[in-house]
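K.L.:
Sequence:
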Amino acid sequence: MDTVKVLIILILFVGAFQGIVYGTILFRTKNNRNSNKILAIILFLLSYRLLIQIMRLFGLGYYDTWYYFMLDLSWITGPLLYFYVKSQIHTNYKVSIKEYHHFIPLVVQICISVFVRLQNLYWEGTRESLSWLGYWGYVVWMNYPTIYIIASGLIIFYASLSLKLLNKSISLHERTLNWIKRIVFSFQIYFSLVLLILIIDVLVYNVFLEKNYFYFIRFFYYPFFIGISLLIYWLGVEGFSRRNEKNIVVKSQLSDEERIKLESIAEELTSVVKKKELYKIQKLNLNMLADELNTKPYIISQCLKEVFGKNFNDYINEYRVNEVQFLLKQPENKKFTLLSLAMEAGFNSKSSFNRAVQKHLGVSPSELKQNL
Numbered sequence: 013m014d015t016v017k018v019l020i021i022l023i024l025f026v027g028a029f030q031g032i033v034y035g036t037i038l039f040r041t042k043n044n045r046n047s048n049k050i051l052a053i054i055l056f057l058l059s060y061r062l063l064i065q066i067m068r069l070f071g072l073g074y075y076d077t078w079y080y081f082m083l084d085l086s087w088i089t090g091p092l093l094y095f096y097v098k099s100q101i102h103t104n105y106k107v108s109i110k111e112y113h114h115f116i117p118l119v120v121q122i123c124i125s126v127f128v129r130l131q132n133l134y135w136e137g138t139r140e141s142l143s144w145l146g147y148w149g150y151v152v153w154m155n156y157p158t159i160y161i162i163a164s165g166l167i168i169f170y171a172s173l174s175l176k177l178l179n180k181s182i183s184l185h186e187r188t189l190n191w192i193k194r195i196v197f198s199f200q201i202y203f204s205l206v207l208l209i210l211i212i213d214v215l216v217y218n219v220f221l222e223k224n225y226f227y228f229i230r231f232f233y234y235p236f237f238i239g240i241s242l243l244i245y246w247l248g249v250e251g252f253s254r255r256n257e258k259n260i261v262v263k264s265q266l267s268d269e270e271r272i273k274l275e276s277i278a279e280e281l282t283s284v285v286k287k288k289e290l291y292k293i294q295k296l297n298l299n300m301l302a303d304e305l306n307t308k309p310y311i312i313s314q315c316l317k318e319v320f321g322k323n324f325n326d327y328i329n330e331y332r333v334n335e336v337q338f339l340l341k342q343p344e345n346k347k348f349t350l351l352s353l354a355m356e357a358g359f360n361s362k363s364s365f366n367r368a369v370q371k372h373l374g375v376s377p378s379e380l381k382q383n384l
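Residue numbering for the sequence shown follows this note's numbering, beginning at 13 and increasing consecutively.
Don't take every hint at face value.
Claimed, not checked - When the alpha-carbon atoms are kept at most 25 Å apart in a straight line, the in silico BS3-like pairs for lysine-lysine are as follows:
no.: 1; residue 1: Lys362; residue 2: Lys286
no.: 2; residue 1: Lys371; residue 2: Lys381
no.: 3; residue 1: Lys288; residue 2: Lys317
no.: 4; residue 1: Lys273; residue 2: Lys286
no.: 5; residue 1: Lys317; residue 2: Lys176
No wet-lab data here; the hints were simulated from the structure.
Could you build the full structure based on these sequences and the hints that come with them?
P.N.:
Structure below.
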């Protein structure tokens with residue numbers, strides 16, 4: 013094994029090893045759990061890709077048993093980077109069902125990769141032994157940098173989305189904002205360079221010079237993975253050093269017109285809830301409030317968040333707690349238990365009543381009754 017090959021193996025191994033170590037630590041970190049888990053998965057996937065290249069340098073993973081277990085998963089890196097940015101600027105962020113479409117590239121990549129690898133079961137040494145789709149699928153997938161062209165494009169796209177998201181954030185500390193921006197921007201620049209080299213190389217070598225193209229022997233192949241090794245190190249160190257920092261909730265920036273509209277809805281909402289005593293309805297929900305105001309539930313939710321700084325439960329339970337206090341002061345209610353009064357005020361269980369009193373008044377229900 014020549015010196016250059018040994019040096020490449022060493023660099024890739026160090027990158028993969030540190031990615032796995034940092035990823036393991038981050039995955040087990042209890043603070044900012046979702047954020048650290050997403051970063052850990054990114055590090056694991058990038059490290060996995062470097063390990064594949066190390067195996068190939070040792071002659072494993074081409075056409076032997078290892079070959080069928082080595083799937084490229086690079087098309088998910090871009091979406092994961094975007095999820096990581098969202099998790100950094102939104103406390104307790106979780107990938108919602110509405111965001112599952114970001115996993116489509118990963119599913120497509122796995123399906124194509126399985127199909128292409130299965131062609132080896134039918135290969136008899138001639139082009140005719142494969143179907144048209146099987147033959148050209150294999151050529152385009154294995155001989156050309158198709159996987160990395162698409163992967164680079166996805167990372168560039170999602171890095172752009174991440175930067176837009178960061179630029180809209182107005183309540184992040186400058187230090188946190190700059191750190192995330194540097195990471196995302198570096199990914200965008202590096203993979204833009206990779207994409208440019210890939211496309212130019214294919215066009216010049218294959219189209220204009222009309223030579224047979226084989227991606228694995230191109231001059232940039234291993235330098236490309238060395239760059240990934242460096243990104244793993246930087247991303248791992250930054251993520252590790254900030255693994256216990258609290259994420260910051262980003263407040264949306266409303267225009268004056270939007271703010272005035274929400275404040276108007278807030279006034280109408282307060283009036284309706286008080287006048288009709290809607291809080292006394294035990295099964296009251298966001299949709300019912302929206303129907304009362306003839307608007308959409310998400311608008312009510314936004315109104316509660318932006319104007320009152322509360323979620324639906326806290327907003328309604330505050331009315332219910334006040335109602336319980338009012339009922340306790342009435343002499344005719346002395347014969348009723350505290351729980352029965354709580355039910356009359358709109359609470360549907362003892363536990364929800366206890367939590368609400370403790371949260372809004374800072375005392376237990378029994379202390380509340382004694383004080384009144």
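K.L.:
Compare the structure with each hint and give your call.
P.N.:
For each hint, the structure was consulted:
| no. | hint | result |
| --- | --- | --- |
| 1 | Lys362 x Lys286 | holds, 23 Å |
| 2 | Lys371 x Lys381 | holds, 16 Å |
| 3 | Lys288 x Lys317 | holds, 22 Å |
| 4 | Lys273 x Lys286 | holds, 20 Å |
| 5 | Lys317 x Lys176 | holds, 23 Å |
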